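The whole structure should be built from the sequences, with the hints applied where relevant.
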Amino acid sequence: MGYSWDFSAVTLHPEMWLLGFLVTTGYSIATILAGLLIGVVCGTLLMSRRHILTSPVGGFVQAFRCTPLLIQIIWFYYALPVAVNVSIPAWLAAGLGLTFYMGAFSAEIFRGGIQSIDRGQWQAARAIGMLPWQVMWRVVLPQATRRMLPPFVNQSVLQIKNTSLLSVIAVPDLMYRAQLLVSETFRPLEIYTSLGVAYFAILYPLQKLAKRLERRDDI
Amino acid sequence: MISEVPRVAEAQAPPERHGSSAAPGRQAASEPPMIEIEDLHKRYGELEAVKGASLRVGRGEARFIIGPSGCGKSTFLRCINLLEAPTRGRMRIGEISMTFGAGQKPLSTRQQAAFRARVGMVFQQFHLFPHMTARENVMEGPRTVKRLPLAEARDIADGLLAKVGLAAKRDAYPRHLSGGQAQRVAIARALAMAPEVVLFDEVTSALDPELVDEVLAVIRQLTEEGMTMVVVTHEMGFAREVASAVTFMDGGMMVEQGSAEQVLEHATNPRLVAFLRRFRR
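Those protein sequences? They're chains A and B, same order as listed.
With this note's numbering, the residue at position 66 of the first sequence is 66, and numbering never jumps.
With this note's numbering, the residue at position 46 of the second sequence is 46, and numbering never jumps.
Think of the hints as simulated: they come from the structure by calculation, not from any bench.
No incorrect hints appear here.
To give an idea of the interface, some chain A residues facing chain B are shown, with a C-beta separation under 8 Å as derived from the structure: (1) G120; (2) A124; (3) A127; (4) I128; (5) G129; (6) L131; (7) P132; (8) Q134; (9) R138; (10) V139; (11) P142.
Keep in mind it's a predicted model, so treat the numbers as computed, not measured.
Where a beta carbon is used, it is the ideal one built from N, C-alpha and C, also for glycine.
Laid out in structure tokens, this is it:
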């Protein structure tokens, strides 16, 4: 083929890579942590015996698991401020879709992890006089956390990749800055190749970590 | 519904006040039985697993309960420490009396936990905490429930592990213990709460035959020390050897009770005779 590669376009504005990296990791960390928090709360509610709690939470979880993330991001950015008639800062609205998406998946991981612990553990702990919260804190959670860790890391890997969707609402992450660079230099092949390498460099170590956690079967 | 509920941390037992109630059964009049259960029922929807079972166990007695699978003996045992909530009936263990049934206020979670701290239980499947060492398993009750200082809990655990012959295994995790060792740790864990009563629920049924004896030896030692216990088992030879008394349960009710010799050697009840025949080949 007669295409001559020219990677000089990639380093035209070297600072854009750093700034994009900061925005991408910032949104990743913030939405993963906030999502985890939502996941723990919603996962706990999902295990309640009261339908008045489980039904709405179950509905929330299914709504976010069964709609495309791209639609969620756009909806929270454009539609939510109109719907509730409150001006939400753009940077916050941009992250809400990602946060709830992570929350919905985390809720299922959390619930599944807790419920995977044998009932006998509850019985043995109650039999020595432990209160329910003590059983949860001392016996169930330590075991369940080890089981939840691999799926949580996997979900986090997906979440970091999914932050690239924020570019559609002009969040200046790696993806968005790469698009700007492309429109300036008309070198999409070189720039998107480099972008792919950049995401890989971030995610490969995490993926390795998830694999290692999965191999651990010491409990 | 509950006459005396000592707080978990209170070592001082409240004054006894059951003198006016029913006269103790075969016990000496001066000392009432440790366990008194009257007309206990447990219903799961349509199924009534325990249909009015009564039991009196004296202080220091090793009461064995035998009976066919599904006769309600495990359910009955789990009712004694409230892992299952009895549907109705009356129960007294030590100084704590309870009445179950319609119109009775259910025990609070805290009251139930305080009660269970005084009644140890050992399970068929051990149920050790897999993320804790043998010693940590035994320390868990004293630390978390009794809030004892670390050093004291550690001394209790080391003493009990030595007692069940596992001093050398104190830092081992349950996955590195044999079934017999795991069950002995589980017994030590129950004893660490210094319970008034220990309940054994078919504790050798999940073990390989060659590991059964080491667990029975620990139970035998406890009977010699005068621990009050209720033992559900299929080990008829062991029952004959160490039981203070044997109760035969069938169809959710106590059918026959008496000394081991009476119940196991001179049975006349046809259901008991049929049950025992299966253990002699």
